[in-house]
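Protein chains in written order, with numbering that gives the first Met the number 0: chain A, 0 to 399; chain B, 0 to 576.
Accuracy of the hints is not assured; some may be wrong.
Each computed SDA-like pair below joins lysine to any residue, with the alpha-carbon atoms no more than 25 Å apart [what the hints assert, rightly or not]:
| no. | chain 1 | residue 1 | chain 2 | residue 2 |
| --- | --- | --- | --- | --- |
| 1 | B | 41 | B | 337 |
| 2 | A | 70 | B | 18 |
| 3 | A | 70 | A | 40 |
| 4 | A | 382 | B | 337 |
| 5 | A | 70 | A | 89 |
| 6 | A | 70 | B | 435 |
| 7 | B | 41 | A | 89 |
| 8 | A | 70 | A | 143 |
| 9 | A | 70 | A | 37 |
| 10 | A | 382 | A | 171 |
| 11 | A | 70 | B | 550 |
| 12 | B | 41 | B | 70 |
| 13 | A | 70 | B | 337 |
| 14 | B | 41 | A | 245 |
| 15 | A | 70 | B | 546 |
| 16 | B | 41 | A | 362 |
| 17 | B | 41 | A | 316 |
| 18 | A | 70 | A | 38 |
These are computed hints drawn from the structure, not numbers from a lab.
Since the structure is predicted, the reported quantities are computational estimates derived from the model, not experimental observations.
These are the residues of each chain, in order.
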Amino acid sequence: MTGTLLAALAATGTLLLAAGFVLGRLAARREGRDGLDLGTPVERATFHTLHTASLAAPPLRAGLTEDTARKAARRLRPLLGTEALALTDRTAVLAWDGTGGHHAEQVGEYVAQVLASGRGQSVRAGCADPGCPLRWAVIAPLTGEEGVVGALVAYGSHESAVLVRAATEVARWVSVQLELAELDLSRTRLIEAEIRALRAQISPHFVYNSLAAIASFVRTDPERARELLLEFADFTRYSFRRHGDFAQLADELRAIEQYLALAGARFGDRLQVTLQVAPEVLPVTLPFLCLQPLVENAVKHGLEDSRRTCRITIAARDAGAEAVVTIEDDGVGMDPDVLRAVLAGERPQSSGIGLPNVDERLRQVYGDDYGLVVETGIDAGMKVTVRVPKYRAGVHRDPP
Amino acid sequence: MNQTYAMAAVAAVVAATVLIGSLGLRISRTTSDFYVASRSVKPALNAAAISGEYLSAASFLGIAGLVLLQGPAMLWYPVGYTAGYLVLLVLVAAPLRRSGAYTLSDFAEARLESPYVRRLASLFVVGIGWLYLLPQLQGAGLTLEVLTGAPDWFGGLLVALVVTGAVAAGGMRSITFVQAFQYWLKLTALLLPALFLVTAWVADDAPRARFDAPAVFREHTSVRVDDTVRLALDAPLTVTVSGTVDSTTYDGRRTTLGEGLHRVEAGTTLGFPSGARVPERSPDPDDPLGWSGSLSGEPDGQRLYATYGLILATFLGTMGLPHVAVRFYTSPHGRAARRTTLVVLGLVGAFYLLPPVYGALGRIYAPELALTGDADAAVLVLPDRLVGGLAGELLGALLAGGAFAAFLSTASGLTMSVAGVLGQDVLPSRGVRHFRLATPLAMAVPLGLSVVATNVPVADAVGLAFAVSASSFCPLLVLGIWWRRLTPPGAVAGLLAGGGAALTAVMATRAGLAPDGWPHTLMAWPAVWSVPLGFLTMVGVSLATPRHVPPGTPATLARLHLPEGLIGRPHPEGAER
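Chain B extracted, bound-state conformation:
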């Protein structure tokens, strides 16, 4: 792949983001013909901004990778990522806006009138933000590695530097425009190459992707294995090997590997003949992060459970994402917030039609990615495979630019939210300067983690953040908005039980502490048990502490649920023009 085009595209995206962000499309007029008050952000623009901030590396690269690896069962990811907004629309959007809260911590304070709940909510905002930032940085590293061969920490560092610089230098001044621009950029970057790829696929007599059987190599393919892998073969396979397999060194000889497990050392190149089946990568007992295949080679019961875990986490987790919640503040009132969410549903839904196309095409044309563990790169390598030539390079560059837009937009939104909360609630004193100090801190922790922890598929890693969010903020928001007997002790207990348990389980899984089998499945997909746990604890403890119901509850709930115009705004007669 020609690096020049891709690098130019990435550079252009970075430059455009920083430029629009810092200079901004300022509204600047004299008073004569200008009614500033009517210029509030329209739902369509705000919805594009929310979508732009929301569609992260997990959506742009990760879903295609998972579909390639594990087939149509993974379509629950895009469905869940979209349906989360449906829940948000029905239960949360308008009341959240009417509460006047900017961050989720603000909502906790406004509803429960307790600084302790606020503190705790802030800790969860930071935790979820970091969990979500981590895969963004890893995805950036992977993208640059595929595009230019740079070491895999470099891309993450680049994104971290750009975002920290832009955010610390004065916030993203016109962040709504930047994010809306990013949405349309991402959509274009995925749609345009998809059209070309599908055309090429039709011209190739539209071969079917087979998900029920192992994928096959369509032509003679050499695969270089960068990390040591263990392959499970269920039939003998004839390949040419240069390198070391099963501690025997070959130098380009043809050899037949028998049934069973084979260990392929790092740096080995395997040449597969046309029509050979792509061997399955088997989970490595030495590799603590080999859990990610949890949805594939496991018994049906666990698979079903994991699917439900995914569905619950994504459906209920969207409302607790810190960078999504703050965007609703931009809506002028509750109804606009609701309309915005509706448009977001449409925009996000339209976007998610595309990644599965890449996944299916990747299964046909780039099956070896499943072998090397770089399935997330499927989107990036396809144009080169299918279209080729200058057109392929240009399309690849477009996709690379889109992928970087995904990292930048989500990472900057998350960094701003996390830094804001760190500066306001976690670091000792308040002030503008603290926001500047908090920004590098907000970025440094996930950057450090991204170097330590590798090899988790991007979409799975994002799923973990969703699980924690669904177990902590979903109960807080839903009960806070719809239940008048919620008390601060109840909220604290629920956050700690639900969110804390989910966080612990997720961390333990990522650290490789979970034992195999059912315990592992339970801990990798905690939402099924941790969400009910959060809800039940919150309800139970609240009922046990009825004396602690905040005194302002009726007034707060009235404000959350009544349309703004109804409260305290009598219109003087005959005052309309």
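Chain A extracted, bound-state conformation:
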């Protein structure tokens, strides 16, 4: 009897609690809606302006072309509240928004004047059509890093100082966006140049050390010396190749093998290497020379302590739609905080541009999900994991 009563009480209690919770939430929401402060009319106008400007920004950030100008002009005209608005580059009208497209021919003259003077101006737009609302034109220059890159032309029905002021300010804002676009572009170029730099880069130490090691075999073991020289030739040929940003994993592993053969000639038995490769992933395409720097890193860490031998394990395995390559050494390892700083580019790595550059390139090609994963600690060795999707649009080993 008491059991049933208790159960009923508990059930009622739970129900009441739930109902109260829901009621409370509803009340809170309604109160929030009523009490929402939308600001004064001036503030609201400011918000509106900022919002419109933010909509115009993304197309402009891609640079000044017909397509982006058209999209931006559509947003900028409400901002100025004019009948018509045109964006031009140094030679031609890129986009015309609003009425009176027949004025587009005049614009060329204005732009020529602005280009010559570098200053904005306000002129009477002579129009044969008495019904045409476009009477005055305000021309404001758009400037980039290398001077005037184009002009913003706003048309009004009468001469107005407000329109002149507003058009000048908007043109200045557009200029800033265009400069940012140029900045983006130069950053992309920088990364491309960096990749090119990494590709061409075999460490000079490596060349010197390899040749010295080979020289030491010339008398004692000429056959071995010849083999090593051929490995050296093959390795440099592969590394210096000029075409293509991508290579097959099989070719990359071959280059690593040659590299290790040369390193092994120098360090002898102190360098022990194990390879575990699933044959399924050999055809995977990945960025050119993105594994060799990691192996070089492992060799360096492993042999830093000059007394002990170094064991390096390179494994490539199949994981469904991805290939996973791990490079592991049992060397001196690294402080994770230092490594984090190095990868973030805050601190120059003592040895070449290895890890951060590979990380950057992988992220650039495959997105941030595919950066390097490094597990390390001081005196705990280091394990670097690279994940590569088997297919990614735009990644081809032989660009035509």
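Fit chain B to the known structure of chain A by using the hints.
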């Protein structure tokens, strides 16, 4: 049949698969004598792997069952399953490899540069994968039921658990070796007993299988009917009955059933005298899945149509099977992919010589299977019938092991493909963990369906997956590779019209919604109309939207068709060793 041997064989196959899959034949050496780059998968090994993954329950059990039921017309199945690779070899293999695509969705994206086409292709990959997984699970259930008397959902659940576990735990690490092993296992498991069976058959004065007349019982046979069936007799038949026939209960009495339809309740045992004709099972109007006899008791026109439907579906459907397409990625280049396909043709062709032998022998020695609806079990029961004794049991165990290899290999390949696509394109975000989540999902849906839908002959059910694949991916692949004016809207429209129509028809048939007669035949064998529909829509819409031709088309097509060495690889002079 002694269950111990069979169970041991099944357990051994499962253990070997999991072991090779997880530990793998790893290549592990030091650098001194080892050139890893030259160790790519050779065409012979890859071909064995493709064959191993391809030869499913439909091939191992289903074809023999259909030949037993319906005679030599069913030989189009093995012919079609093999000839699909010929089409693949000629039209698709090398360009598909050169495209760099791993899955069929990747190919759609690479060729048409559109995420929408990719999404749609992914949906079809998942659909075809599920349609194909379903009969694998049902076949596993049937096998275990015949072998051990376990309930028929148990085998499917076992396969589902093993495969999901192995795939989710880290993929099949060395899947090429596992699948190649499975191929040779399946071939051995079918070839060795076949030799014994044929020897026994010759020793029995080589009786002829008659396909033009009803089969006859060679000796006194009791048949237990597990599901209620309706028998159509065209002559009076004298049998002993314990159970209920035509709502009259008998207890082991001899009785004569007159001409016409008779309803035999579940659980009844019929004893047929030696020389009696095996009664035909008649399609039951209450049983929505009774459509499977479509090729037998129907007018000649429909029969011919159905045969063409089968031929089109199997010839053109092979290229769109998700688990076959991904295997080509393992080839180092286009030429190797082509050579691989050639070897596959040989291996698969050799394998398909065997199931018809079982079918014909089953018609002679186990005709009652046609009555009970377990024709797919013909392969499994024959050794016991013909050879008997310990040898028969051991051969039966070998066949059971082979059958399980068939379920495991095809199911794991399909599950990996479906889970990969689910994780990458269908579920909201990407990542390794999502692959683990996607695996159970990839398996759960067909497992659930396999419990709901029963009684479809395994080979027929696989034929449905082929029909959908032939109507969707065949146009996409063939036009994508050979026609430069294909556009993304065209591809989408073609996939939806051809593949969508085939899928709808197939689903409606499986759900029993198709009316009898011609509509039923049209919907059960959609390939004849849905493949041209897919092609025409794709071509028509592409021609209507010429502005949407992807900008990279010339470059893509050049990459698909030129041998790898020709593009962008100038050899520095004197660099050869």
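Checklist entry - Hint by hint, which ones does the structure fall short of? => result 2, 3, 4, 6, 7, 9, 10, 12, 13, 16 and 18
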